[in-house]
Amino acid sequence: METYQIYILTSAVLFVIGMGGVFMARHFIKKIIATIIMGGGVFLCFVSFAQRDALTFADPVPHALVITGIVVAVASAAFALALARRIYQLTGEESFTNDK
Amino acid sequence: MTDLPTSPFPALLVGLPILVATLSLFFRPRGKAVVGLMGCLLTGGLGLIALVEVMQQGTVIHILGGWDPPLGILLRMDSLAAVFIGMTAVVGVFISLYAWWFFRAREATNGGFPLFWPLWLFLWAGLNGLFLSNDLFNLFVTIEVIGMSAVALAVLSGKTAAQIAGLRYLLAAITGSMAYLFGVALIYGSTGTLDLGLLRQVLEPGATTTFALLVITLGLMIKMAGFPFHFWLPPAHSSALAPVSALLSALVVKGAFYILLRLWMEVFGVSITFSAGQLIGLAGAIAVIWGSWQAFMQTSLKLIVAHSSVAQLGYLLMIFPLLILAPGVAAGSADWLSPAWTAGVYQVMAHAFAKASFFLSAGIIIMALGHDHKGSLRDLASRMPMTVMAIGIAGVSLIGLPPSGGFFAKWMLLKGIFLSGQWWWAPVVLAGSFLTAGYVFMLLRLAFATAREKEPFRPVPKGLEVCALLLALGSFLIVLPAEYLIQFLESSEAFGSGIQSIMEGGTYGND
Amino acid sequence: METTSLLPLLILGSSLIPGVLILLLREDQSALRSFLNLFGAVAKVSLIAWVFAGYLRGEEYTFIFRLAPQLTFALQVDQLGLFFATLSSVLWLVTTLYAIGYLEGGQHRRRFFAFFSLCITASTGIALSGNVVTFFIFYEFLTLATYPLVVHLGTDKAVNAGRTYLWYTIGGGTVLFLGVVGLYVLAGPVYFGQTEIIASLISENAPQLTILFFVFLAGLGVKAAIFPLHSWLPISMVAPAPVSALLHAVAVVKAGAFGIIRLVYDVYGIGVAEQMNLLTPLAVLAAFTILYGSIRALFQDDFKKRLAYSTVSQVSYIALGVAIPGVLASAGAIVHLVHQGIMKITMFFAAGSVAETYGHYKISELNGIGRRMPLTMGAFTTAVFGMIGLPPIAGFVSKWYLGLGAVEAGSYWVVLVLLGSSALNAAYFLPIVYRAWFCEPDHERVSRIRSGRLETRALLLIPVVVTGLFSLAAGVFAALAGSPLSIAREIAEKFYLL
Amino acid sequence: MSVLIDLLLAILTVYLALQCLLAQRLSQSVFLFFAFGLALALAWVRLGAVDVAITEAAIAAGFMGVLFLDALRDFSPAVSENQEDLKAVQNPPSKNATKSLLLPRLALGLGLGLFLLIALEAVWKTPDGGGLTAAAVALLPESGVEHPVTAVLLNFRAYDTWLEIGVILLGLLAIYAAGGINLYRKPGVAAKDPLLRQVILFSTPVLFLFGAFLLYFGKTGPGGAFQAAVLWGAIGIMLHLGGWPVFAVLPRWLGQLILTLGLGFFLVLGFLFMARGDALFEYPPAYAGILILIVETLAAISIAAALTTIYANINQMQEEPKQNESTT
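Chains as they are written, first to last, in my numbering: chain A, 1 to 100; chain B, 101 to 611; chain C, 612 to 1109; chain D, 1110 to 1437.
Hints in this document: simulated from the structure, not taken from any laboratory.
Fair warning: there could be bad hints in the mix.
[As the list claims (entries may be wrong)] In silico DMTMM-like pairs for lysine to aspartate or glutamate, Cα to Cα no more than 20 Å straight-line: (1) C:Lys973 with C:Glu1101; (2) C:Lys1105 with C:Asp767; (3) B:Lys259 with A:Glu93; (4) D:Lys1234 with A:Glu93; (5) C:Lys916 with C:Glu967; (6) C:Lys973 with C:Glu885; (7) B:Lys562 with C:Glu638; (8) C:Lys916 with C:Glu976; (9) B:Lys474 with C:Glu885; (10) C:Lys768 with C:Asp912; (11) B:Lys259 with A:Glu94; (12) D:Lys1234 with B:Glu304; (13) C:Lys1105 with C:Glu670; (14) C:Lys1105 with C:Asp689; (15) C:Lys768 with C:Asp913.
Let the sequences and hints guide you as you build the complete structure.
Right, here's the structure in full:
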């Protein structure tokens, strides 16, 4: 078993955990964390492929994509957090009350 | 690929709005609005010029940084992209003009929401970028730009309801993009390229491709509020400020649909089966019925309109089953492909115009009466004839009565349905129209009724009413150049193509 | 096919443009509004006369606009279309005059007259449509243009009636849409008169064609108020009298009836329709509607409602005539388009004038009205005799031809239906006439709302008298060349040439 | 041996992710999130992605973690994952209610399990597409930089990177739209602790130099604009915490300039070359190196400023409910 294979399996697990978390977690912050975990899975998948396709160095394209992706994901997560705090401040709600 | 003519327009269409958005940040609120409006007019004009350019030159490209794919990114503007960009330009300009008057009128009480302008310009750049993009990962970045600016616009009103709806929207959007990106990762891993044109040639069927298609479709369905992922749309669209609601329903959800359509038809043909198309069609059919019914049950104008979006987007999904050929059907004999594509494009345009007009009219009513309970429409026909007219005309287009754009779309859809022999979709189209008529005329009926007691009524700027009315008329006028437009669209590679699953004994593509 | 003339477009424009302009006027610019209206109406009549003359000289007037490959918006002039267009435009002119008088000082007149114009645009559009798609476009446009007229008063009753009206007509439109697309997919773009297209498909697609025929019929039957799709019509009686007149005599129900004529003669062709046995169900349904409408009319006390049920019954004569093969029956059906129109419009005008002048809405209030409004009620009585089928008034001619046609085709039961219907007509109309002329006025209840030298306002009186005279003339001069009957015969004969 | 390390690390990452979502207390979640981020950063290192590791540790775990920590001040600490259950203890609901919750959750769980299986099969069976390493190696000399990741980020796929800088600015605007404070009116709350202030003052130059180092060496090795930006952003955040809100001191226009410079210069430079007839973001190979360094530096400054401002906004969100009056 090669290194990248371990992580590529991990990536699928993380993605599914994150996805489940987004749906099942109740607290805003946990939902946001879940999206980051989901993203973590996706990025791990990219980087694992980069390692698999390494020549003298690892494939730089996935690395660059992941760096871009992390920054984008963090920007959205920060926005979500700001919204969540704002909602808490206005209503005292910490989760979607009419969530199914 | 590289023998296509190069044009600066694709780069300008993305760069310019962001440049203006950045510039506008330096101005105080009033200046932001002026610069923002100028930027919007500029971007709109640019979109139309680019459309004309494609009409004259055919497909144009812009190789960013001068690096050819697969390493570099290519912007590609074919007729399909050009039509979407042109539509965004026209609808966008009208909404911008409306926003200008709308926020001017609210300047005294709410500070005029100056942030609207840079956010909207970012959104516009994102949309243009999405229509032009020819790279899976770049598409992800553009949908993130669109998603974030859309949510930011949705919460701009500062109302609690808007913020809760906005957070739900944002979480759905992030989940959707992450699911999409997972698919992109797998595709990159299995092919080593992100360029759509190259992928079409190298993608091979298999478990990975199928799974990638699944998560990408899932992600985009969440983004476009396709059933059963429509839960976020009605609260978000109905609680936003009127011009924002118009932008969100008219343009933003169409972005995800556009990618979904392109990826299915241009890239993932190898993995798509007949039953997959049926499944998407089923989701669309349920959305049509469910959304219309929900709209019928609502009591506030904006919620009615928002639920109606769910239904109208359902029609878009219903073209998918027609584009995928049943096993054993010869690609050459499939004469329903062009009608189905036409139905899709026209449904997008008709809905964009009509729904924008509808939301803008709702905004006018809220401004005049202070609320939008549907009962507030009583006796409106005599006090705001132009707005009621706009609602009426837009509503007629939504129902699909002739000779509106909506009618043309439904005509083509039904034609495609009958020609393909998939008659089981026909009742859905008709029932959807009938239900739509139900809620549209429920509103109009009230507008003609005499008010029991006169509500306090504030006059609104005429410009607002004119914008809404012109957009509503637009949903009719788009039918006039139909023949020319279809001819133009057929120059796009995707338009009119169908897929036959390799697994079911076909060959890839219809060529 | 190519565009040869813009005149058909101009005919539509002659009411469309005034309609839009009126919408842009202010409520209080009533003189300009009336001018625009009348100008449009006169222009339309003259244009149609011009085109009719040209058509008889053998000129072609076609306007084609291609929407998509094989999907065309086509305006075409043929004799049947012109016949209907003439009827619409002349009656529109008369009704416009009447409406100006009727609504004097009323509310929302801008909206009323604007949609009134749009309504007639749709009606002439239906008449001049060159193919099924164009017909459908105007058919739906008519629904929309009439809606604001039905709910014009804005009362709860009016608004609810409007809702019923819409459910029926939009439902019918949706079904028709299905039929139109189905036909289009099966047979391509079918222009009216190209019956050979369907004829060529009959060997292969007979079941589909049969289904399509009944889908079309269901769609058109709503507007033509064929049982069981008729309920909207009496309910929409809440609208102002000119609207009722327009709905019943000219625009809406006639659109349905005209559609059925087009469907049987110009799309399927009478030969095919007969061969496929499509006509018998239509005949039975029409006959039933005739009797049913008459019986329901017997029990109405509301003046306009009784007229409405009478319409349900009378319009089905057209469908009945269409359903009986043979030149005579066809001619009877086609001429009844006109005859029923002018007679029924006379009646509605009269009912409206009575209501507007004396405030009487119920038949039981009409005692002695004939003495106060002799001209109005005289015209009304003429129309009644016509409806019953007394010679020499218009209605007699239609019934005579229908009866002859039935005998010719061997459908003797139809003759019985006609006789029964005439008896019923007499039973529900004659009491009105009797009350009007022979009962003593109920003195306490009479209070004249309006005063003046004439029995009512001139604009309310003239149209009634004119249409009353029309009903008489159409019967008396039926044998002359150029009379509605002679034209209808010509049209009918052409259908059987093939 | 090395496989064992990877295996353990993988299991640890999954465990942390799960625990993070299942933790009863919100604070536990946040600390586990930090740990998760660090574990993931280790995984990047194991996979030879040092750039990614730095970015992950600095932005995803570091910056985001700080934001979450800050949010802990706000939300009630005793929050449990199962608010419903807490309420249930207080007033026991009927059996039906619990049942109605259980069934959909069970279905969702089953669905996710199935989804996981398909996902595992899909990633496991991914064919080897070969990647773009060879292409990148071949074109690296023309890119003006020696480090391949930097070459991809700032030259080959500069368009994505430019849009991404836009996304950060957009994120800031979005936070304003969500009801963020007006930075120019509200000074930060000064830390009371004099020792903390000293530490902050002392670490500022160190962080600055380290950031500059990362930025410059991004040309040849791991490091670059984003990594440097986070370090500089950290300076801003710490100064803010210490009671020196940098942006409140600067004149309005200068603050705005700093925030928009990265995005703006990147684009204007691109447009200038476009006017010459080149494509957008096409640099002549001879000047590519220096141009990229300038673009990177300005981008790093802007991103750092944006991160600081984002932090300051979210940090102060709690203090004073404001109306939606927001100006940049």
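Going through the hints against the structure:
Of the supplied pair hints, the one linking Lys973 (chain C) and Glu1101 (chain C) is violated, its CA atoms being roughly 42 Å apart against a limit of 20 Å. As the CA atoms of Lys1105 (chain C) and Asp767 (chain C) are separated by approximately 49 Å, the hinted pair breaks the 20 Å bound. Proximity of Lys259 (chain B) to Glu93 (chain A) is assessed by CA-CA distance (about 14 Å); at most 20 Å being required, the pair is judged to hold. Distance hint between Lys1234 (chain D) and Glu93 (chain A) is unfulfilled; the C-alpha atoms sit about 44 Å from each other, more than 20 Å.
Between Lys916 (chain C) and Glu967 (chain C) the CA atoms are separated by roughly 16 Å; this keeps the pair inside 20 Å, and the hint holds. For a cut-off of 20 Å, the pair hint linking Lys973 (chain C) to Glu885 (chain C) is broken: about 45 Å separates their Cα positions. Taking the CA atoms of Lys562 (chain B) and Glu638 (chain C), the gap is about 18 Å. The hint holds against a cut of 20 Å. Proposed proximity of Lys916 (chain C) and Glu976 (chain C) is supported: the alpha carbons are some 15 Å apart, at most 20 Å.
The suggested pairing of Lys474 (chain B) with Glu885 (chain C) is violated, with an alpha-carbon distance near 51 Å, which exceeds 20 Å. At most 20 Å may separate the alpha-carbon atoms for a hinted pair to count; Lys768 (chain C) and Asp912 (chain C) meet this at roughly 18 Å. Distance hint between Lys259 (chain B) and Glu94 (chain A) is fulfilled; the C-alpha atoms sit about 17 Å from each other, no more than 20 Å. With a C-alpha separation of about 13 Å, the suggested pair Lys1234 (chain D) and Glu304 (chain B) falls inside the 20 Å cut-off, and the hint holds.
With a CA separation close to 18 Å, the supplied pair Lys1105 (chain C) and Glu670 (chain C) stays within the 20 Å bound. At roughly 11 Å between alpha-carbon atoms, Lys1105 (chain C) and Asp689 (chain C) fall within 20 Å of each other, so this suggested pair holds. A threshold of 20 Å between alpha carbons decides the hint, and for Lys768 (chain C) with Asp913 (chain C) the separation of about 15 Å falls inside it, so the pair holds.
When each numbered hint is compared with the structure, violations occur for hints 1, 2, 4, 6, 9.
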